[in-house]
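Q: Following the hints, complete the assembly by docking chain B onto the known chain A.
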Amino acid sequence: MVTYVFIFLALLAIASALGMVISRNTVNSALFLVLNMVSLAGIYLLLEAQFLAVIQILVYAGAIMVLFLFVIMLLNLDAEKSLFNRFRARYFVAFLLGVALLTQILYSAGGMAGVLPEISPEMSSVGTVEAVGDVLFTTYLLPFEITAILLTAAVVGALVIAQQKIKPKAEND
Amino acid sequence: MIDIDWFLALSAVLFCIGIVGVLVRKNAIVIFMSVELMLNAVNLTLISFSSYYGNIEGIILVFFALAVAAAEAVVGLAIIIAIFRNNLSVDISKVNLLRW
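Going down the list, the protein sequences come from chains A and B. Going by the working numbering, the letters in the first sequence line up with residues 1 to 173, in that order. Going by the working numbering, the letters in the second sequence line up with residues 1001 to 1100, in that order.
Isolated chain A, as found in the complex:
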């Protein structure tokens, strides 16, 4: 049962990722990415990381993708017209590079086949909110606080960058 769910979710994730890269309309790309993130949240549930599955849907599929869609709608873009219409060297090079990297990663992961761990008995107690909060607010308290400063700095920086520059008046006054 778990295997079938994993196969379904993995195929859904790969298909939606391909759809995101291939589709010409930017809004369609964003919606495919939302589907990808939701299926990844399902895979996190299979890995017994319940807290991160919820966070994935709340933060990624909720907040960040709404931000993306807002920007896409704000900019009112038209579709890329010349995507895959004609053969280009850069597509070939990009595809080749992707395949080369994929084989490299899979080869190096397959070489560790005997070293990779089996299922741990503590697997079911790792991903709960209680376990994560316990470690996060004791051992990793300082990085957690630094995250708050980072988010504040990001918001202030975004405001400064996106602020409408007031054009200086003509220099006759």
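Hint data in this document are derived by calculation from the structure and do not stem from the laboratory. Values in this document were obtained by computation on a predicted structure and should not be read as measured data. Ideal Cβ positions, reconstructed from N, Cα and C, are used throughout, including at glycine. Any given hint might turn out to be false.
[Stated by the list, open to error] To spell it out: a stretch of chain B is covered by chain A in this simulated footprint if at least three of its residues, at any positions, have a beta carbon under 8 angstroms from a beta carbon of chain A; those stretches are:
no., region
1, 1003-1012
2, 1028-1041
3, 1069-1081
[Unchecked claim] Facing chain A, from chain B, some residues (calculated, C-beta under 10 angstroms):
no., residue
4, G1018
5, F1049
6, F1063
7, L1066
A: Quick look at chain B alone, frame taken from chain A:
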């Protein structure tokens, strides 16, 4: 239960799709979303290792990666809006600000 190899393979496939997306597309927003895809693939690797070792550090690391990704999305989209204001396009082949 499934072996960890399958989770790692799925993560590798998603990461490489993200890389090809960054290299192929010209729309800055789609390139940005491909970067998010790569971040998600790495998160999947961290979570599967963390879950199979029974060690919680990987999940904590994913938590921080999520926070950094949120900050990066905010600043990056602000930069995209600023670029769009200046030359009315998000086509990165037309942006030559840092090119000499």
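Q: List, from low to high, the hint numbers that the structure doesn't satisfy.
A: none
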